[in-house]
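K.L.:
Sequence:
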Amino acid sequence: MGCMCTLLFSFVRSCRPVTKMNSIKNPVLLMLVVSFGAWASYGVCNDDSINFNRDVRPILAETCFHCHGPDEDGREAGLRLDLESGAREDLGGYQAISPGDLQASEAWIRITSDDDDTVMPPPESHLSLNKKQKAVLKQWIIEGAQYEGHWAFAPPQSPTVPDVQGMNSRYASWGRNEIDSFVLAGLLKAGISPSVEAAPQTLIRRLTFDLTGLPPTLEETHRFIDDYETYGESAYQEAVRRLIHSPHFGERMTVPWLDQARYADTNGYSIDGGRDMWLWRDWVIQAYNDNMPFDQFLKEQLAGDLIPGATDAQLIATGFNRNHMITHEGGTIPEENLTNYVADRVKTTSEVFLGLTFGCAQCHDHKYDPISQKEYYEFFAFFNELDDRGLDGNAGRNAMPQVSASTVMAQDELKSVNAELAAARIKLSNTTSGFDEWVAEERRREKVRGEGFRYVDAELLDASAPNRPGSYEFDSDGTVSLSAPSKGLAGFSHSMQLRQGAQQASETISGISIEFYPQQVPDAAGTKAEEMKESLLALTPFADGVPKVTAVLVSANNQPADQVDYHGQCEFVTATASTSADDHAAPSVLDERNVHWWQPSQKDQKQRLTLTFDQPVDQTKTPFLSVLVFFGKNQSLPFRWRVRPFTGHDPQSKWDDAIAAALAADQSHWSKGIQERLLALFRQTALSLSSLRTQISNLEERKNMLTKKHSAMVMNVSSKPRETFVLTRGQYDAPSIRVTPRTPQVLPPLRLGGNEERSNNKNKDPKKRQPTRLDLADWLTDSNHPLTARVAVNRIWALFFGTGIVSTSADFGSQGEYPSHPDLLDYLATRFVSHEWNQKELIQMIVSSATYRQQSSTTAEQITVDPGNRLLGRGPRFRLPAEFIRDQALAVSGLLVPRVGGPSVHPYQPHGLWKEISHFGSTPATKQVFVQDHGEKLYRRSLYTIVKRTSPHPAMAAFDAPNREMCVVDRGKTNTPLQALVTLNDPQFAEAARVFASSILQDPTANDDRSRIERAFEVISSRLPTDSEIDLIARLLAAERARFQRSPRNAERVIAVGEYPATQDVDPVEQAAWTQIATLLLNLSEVLTRQ
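In terms of the working numbering, the sequence shown opens at residue 2 and continues consecutively.
Because the hints were derived from the structure by calculation, they are not lab data.
Every residue gets a Cβ at the ideal spot worked out from N, C-alpha and C, and that includes glycine.
Misleading hints may appear alongside valid ones.
To be verified - Dumping the calculated DSSO-like pairs for lysine-lysine here, alpha-carbon to alpha-carbon at most 30 Å:
1. Lys673 to Lys710
2. Lys428 to Lys709
3. Lys704 to Lys416
4. Lys375 to Lys348
5. Lys916 to Lys974
6. Lys721 to Lys769
7. Lys704 to Lys348
8. Lys710 to Lys416
9. Lys132 to Lys190
10. Lys709 to Lys416
11. Lys133 to Lys916
12. Lys673 to Lys428
13. Lys139 to Lys190
14. Lys348 to Lys974
15. Lys135 to Lys190
As the list claims (entries may be wrong) - So the derived label-pair ranges between C-beta atoms look like this:
16. Ala666 to Ser692: 28 to 36 Å
17. Ala1057 to Ile1031: 24 to 32 Å
18. Asn1008 to Asp291: 42 to 50 Å
19. Glu125 to Gln147: 25 to 33 Å
20. Glu1015 to Ala958: 32 to 40 Å
21. Thr1027 to Ser692: 35 to 43 Å
22. Asn1008 to Gly167: 57 to 65 Å
23. Tyr456 to Glu966: 46 to 54 Å
24. Asp413 to Phe475: 54 to 62 Å
25. Asp291 to Ala861: 27 to 35 Å
26. Glu474 to Glu442: 52 to 60 Å
27. Arg1036 to Ala665: 58 to 66 Å
Go ahead and model the full structure; you've got the sequences and the hints to work with.
P.N.:
This is the structure we're talking about:
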């Protein structure tokens, strides 16, 4: 292993782009260089005079506004520095700021004082002004201390496009559209030259990731390179059009929107039960693919329910403001919860559409922006009219209000799903291959049935029903009786210690038998069982205090009671069930990963479930057994149960008498009916057909999803809207003055429309009625609104450049950064509005610019002057988002299932992650047990991976995906060792590497090591490797071959990872060695980085 690690490190290091940045070893020196460059780019060095918004306001906001800003109650000494009038007010013979006179400016005297009692900011604030900041303030005062209104609160005006040719004719032909004129003007002013265009293979890779979130195929890369060389710009534009009209475009755009809208599949808080909001996610994907204008996109999500004649789709859209966390937990106060829900809507709406931090004014006036607490609650009132409940969302039910509707994608996909399903069913019904082998195995099991069977003595240590008080009686035979059983009890636990007498010391435990008397059962065999979700049967042998958990899970929806399925990582090789009713045969209850529930009998009649372990338990090493039985929602706990371990073979047959007799007889004696039954059972249970059965099951589920209506939480105005009050210190139970819906005074006034259907009261006069969310949406999308278009354009820009023109995308207020290119931002914002808020057109303009197409490598000049690339003198380079990294591995391996839309899926994740935060108590909480999916659901795109707020998927979290508890506008970008551990060891990545390796070995165009290395490298990275890279990879390949030849068992382990079948006609040693090569390539910096 050491050889591989050494070569891998050597290879990755050799492939790292060499820049001057790599030579800066000292982090302090690097910080100084960055700081100097930033000031050189955006400070006074580029202009002869000070710009208040760019240079001064950020300093005052950072160091002064907390005590001398908009918050009247928190203002010190009556001094207000965010307004010119406050700074120049007579404070008793002196002014804070005296234009042109430093010695008469008390603020300047204070900030330059050496006296701890007078210096500002005071030492206890832990804030200070550095020399550069003091120099800026000094120059500003000398120049007259001119104030300006905050730039973001003034409506954008379309600026004149710079005449670049008049500045420098050398670059007259560089630009491709107006974006480049604005960018080039800034570069020339800073004395920087733009970078050359990236190579064609880099451009197509960049475009494909940016527009679809997926890598280009090798064929797409080759076609683009050829076409670009021949046709130039027209080939580039054709690639843009193809990608922007791909159904995967909507998926790519939806990923950041899910962060902003805090989409999740669970409610959050402690219980974190399940919810269904995937209809809203489908709506978002479809809206992007349909190029819904952004103003309509905003209106339908904020107020779709208030649009006259609202459709189901428009109601679903309002789920944007129902994605917040919800609780039904005991001990919480409904009114407090409702206040929290509305506060979350205010925070999300203001950050996403206004780029303002309204939440800072919930308890007091905003410390930095001119938003009072009263204005906060006036905005709060827009969202305080919902017909929702403070305690809701129990047992997997969506909280009210909700709508039942079909997915917006139903009609487009149903035809293809029906065709696939029909073909798969025909294939299964015609399959006979493997039948003789299946019969032979079942005959063998029947012959050994009951051999050596004996119950093993065990001492009952403890038994209880979690979170349910009551008394228990323990009988001498190990039976446990609950004194007061009741409906709704979630489960029971049973712990025992094996007695190791002389006879038993050498025995192993083959399995367990669970017997119980149900309190309530369906009336007859085959009737529809109550819906059961995530019921758990878990066996825990304890060895040296370390638990090893094996779980079998139940998940069924209105299926016959004898066919309730267990799903999950099953470590049981067989399972049988019986009842004491004479007219009910014991059916087979285990099929690879699916365990079928036993046939119901009458109340108080004993039932038994017998589970045989995949690997016998050595009782000398694991003397303690613990069994947890968890019943799904609306189930009842049996009031008596007994758990007994056994050794030997289960005496209960999997089959009824007729099938058991047929297996014991010669095949020539089978009747036609028995032959047909056995063939049917073979197709239902043979492990060799499990993949095909899983495919059919997934297609049936997909069809069900497309044809049936599903629940989604929506906005809906209550018939009796709640009154809204300013809450003292933000406390739900401390109301003060009553307020009505209104927008902040610092922004343009809201004008009511005349549509009386918008009103949530009886007053039809538009001048007197209260504003609604639809009025708010119209206000936000007014062409003169100063924020909405700027914020939207900035977010879209950030998708393609790694950061926005305003780097603080969630904060356009005083604490936010001044735009790097203010005129460009206003040009794009006004153009966006005038072009009817067309998102695809804006994106096409951005990716068509020469600015976007620059290569991302850097020069010493660029690093010194513009280390953060805020002037855009080179192409951006940043790590791919978490979802793209996983999707890339699936795509290049051929595993990716490209279906668009539908419910969330449960791909691989480490066992037991949900256990510590799960609730198996008196409430039938859902999403408490992770149930891994199988088949194509393992390979769906990552935006469909279930998001459990208290336990997000670890691979996504490692790459900075948020837990979706709150709105997140900007994901962080970190680099940690955990990320490498994910891409090297996560089964999803290991399986993708294995399948990719198999495809390379079977590729007819690559028949030797060199050609295979070239092929693999180019498929994954979109470029051919250099000779030195080929040499390094070949050395690693030789080392891995030798290692696996010495240890074939290790090779078998490598190619056994994941559920996708291993290629049988490829040498395991070769497959394992090439899997390591694929793993290496998938971990290259340039593969994980968008360049």
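K.L.:
Should the hint that arginine 1036 and alanine 665 are 58 to 66 Å apart at their CB atoms be regarded as holding?
P.N.:
Cβ of arginine 1036 to Cβ of alanine 665: about 59 Å, so the range 58 to 66 Å holds.
K.L.:
Given the proposed pairing of lysine 704 with lysine 348, does the C-alpha separation stay at or below 30 Å?
P.N.:
Not satisfied, since the Cα-Cα distance of roughly 38 Å exceeds 30 Å.
K.L.:
Assess, step by step, whether the Cα of lysine 916 is no farther than 30 Å from the Cα of lysine 974, and give holds or violated.
P.N.:
holds, 29 Å
K.L.:
Given the hinted pair lysine 428 and lysine 709, is their Cα-Cα distance within 30 Å?
P.N.:
holds, 26 Å
K.L.:
Are the Cα atoms of lysine 133 and lysine 916 separated by 30 Å or less?
P.N.:
violated, 53 Å
K.L.:
Taking 42 to 50 Å as the stated bounds, is the beta-carbon spacing between asparagine 1008 and aspartate 291 within them?
P.N.:
With Cβ atoms ~46 Å apart, the hint holds.
K.L.:
Can you confirm whether the C-alpha distance between lysine 704 and lysine 416 stays at or below 30 Å?
P.N.:
With a Cα-Cα distance of about 9 Å, the restraint between lysine 704 and lysine 416 holds, given a limit of 30 Å.
K.L.:
Between the beta carbons of glutamate 1015 and alanine 958, is the distance compatible with 32 to 40 Å?
P.N.:
holds, 35 Å
K.L.:
Are asparagine 1008 and glycine 167 spaced within 57 to 65 Å by their CB atoms?
P.N.:
holds, 59 Å
K.L.:
Taking the beta carbons of alanine 1057 and isoleucine 1031, is their distance inside 24 to 32 Å?
P.N.:
holds, 29 Å
K.L.:
What's the verdict on lysine 721 and lysine 769, does the C-alpha distance respect the 30 Å limit or exceed it?
P.N.:
Holds. Lysine 721 to lysine 769 sits at ~18 Å (cutoff 30 Å).
K.L.:
If you draw a straight line from the CA of lysine 709 to the CA of lysine 416, is it 30 Å or shorter?
P.N.:
holds, 15 Å
Figure legend: structure checked against the earlier numbered hints; hints not met, in rising order: 1, 7, 11, 25, 26.
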